[in-house]
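Each chain is listed here by its residues.
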Amino acid sequence: NAGVTQTPKFRVLKTGQSMTLLCAQDMNHEYMYWYRQDPGMGLRLIHYSVGEGTTAKGEVPDGYNVSRLKKQNFLLGLESAAPSQTSVYFCASSSGYGYTFGSGTRLTVV
Amino acid sequence: QKEVEQDPGPLSVPEGAIVSLNCTYSNSAFQYFMWYRQYSRKGPELLMYTYSSGNKEDGRFTAQVDKSSKYISLFIRDSQPSDSATYLCAMSGWDFGNEKLTFGTGTRLTIIP
Chain A
1 NAGVTQTPKF RVLKTGQSMT LLCAQDMNHE YMYWYRQDPG MGLRLIHYSV GEGTTAKGEV
61 PDGYNVSRLK KQNFLLGLES AAPSQTSVYF CASSSGYGYT FGSGTRLTVV
Chain B
111 QKEVEQDPGP LSVPEGAIVS LNCTYSNSAF QYFMWYRQYS RKGPELLMYT YSSGNKEDGR
171 FTAQVDKSSK YISLFIRDSQ PSDSATYLCA MSGWDFGNEK LTFGTGTRLT IIP
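Going line by line, the protein sequences match chains A and B.
For what it's worth, our numbering labels the leading residue of the first sequence as 1, then goes sequentially.
For what it's worth, our numbering labels the leading residue of the second sequence as 111, then goes sequentially.
Since the hints were made in silico from the structure, they are not lab data.
Ideal placement from N, C-alpha and C gives every residue a C-beta, glycine not left out.
Errors might be hidden in some of the hints.
What the hints assert, rightly or not - Below are the SDA-like pairs computed for lysine to any residue, each with C-alpha atoms no more than 25 Å apart in a straight line:
id	chain 1	residue 1	chain 2	residue 2
1	B	Lys152	A	Gly77
2	B	Lys112	B	Tyr161
3	B	Lys112	B	Ala139
4	B	Lys112	A	Leu45
5	B	Lys152	A	Pro83
6	B	Lys177	B	Asn165
7	A	Lys57	A	Gly16
8	B	Lys152	A	Pro8
9	A	Lys70	A	Gly53
10	B	Lys210	A	Gly3
11	B	Lys112	A	Asp62
12	B	Lys210	A	Gly16
13	B	Lys152	B	Ile221
14	B	Lys177	B	Thr212
15	A	Lys71	B	Thr212
16	A	Lys9	A	Ala24
Unchecked claim - Interface residues of chain B toward chain A, partial, derived using beta-carbon atoms under 8 Å:
id	residue
17	Pro120
18	Tyr159
19	Gly216
Make the full structure from the sequences, and use the hints.
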C-alpha cells in the first residue's frame, strides 16, 4: 500500500521555467492538498481539492495552478518559476480524519 | 496574531526524560486536534488525533486538550533517541464539508543518548 506518492523528489529549475509536480494517492480519499514548507513559516496551504474536478485556493496560491482530473491524482503547476518558490512541497490526502502526507519534493529555483 | 502558536525550540533532553510539547490557539471553531511527527527530509506523519477536551494515551504518548484555555499538549514518556524529530500540532475546523487543518510551525526535539 503506497499511500501518497510524489514525483519528482528533487528538482532544480531556472527562473522562468515551468514544471508540474504530481501527487498520486491509492486510498480513495476525497480531499487532497498541496502545501509548501519553509523554515520558520511552517506548512502553508497552496491549493486544495474536495473532490474530482474541483479545486480551491489556499493561503499562498499566487504563482501556482492545480488540476484534479482524476480522483487519485492532484497536479501542482508552476508556470514561470521564481526564486521565491524554492521550497519543499508536500502533497496530502484525507478522508476527514487527519492527513496522510507524501514524502515531499525539494524544489530549488536558481 | 497567528491562529496557532507553537514554540519552535529547539528542545534537547536526555534519554528517558519526559517531554512536554505545547500549542496555543485562538480560533474557537477548532474541534479536532492532532499531533504530527516529521523526521528530517520526510513528510509529516499523524501521531495522535483527539476531539474532546481531556487526555488520550497511546503507548508512551499522551495528548491533552484544554478547550477552555485553548491549549493543547503532547507528552512523551521514557523518551528515546528515535523520538528525535520535529513535532507539529494541527487543528481542524470544517468549512463547507472540507477538513482544513491549520498547523503550528513545529518544535524540533532532540533526545540525547
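- [ ] Could you work out which earlier hints the structure fails to respect and list their numbers in ascending sequence?
- [x] 12, 17
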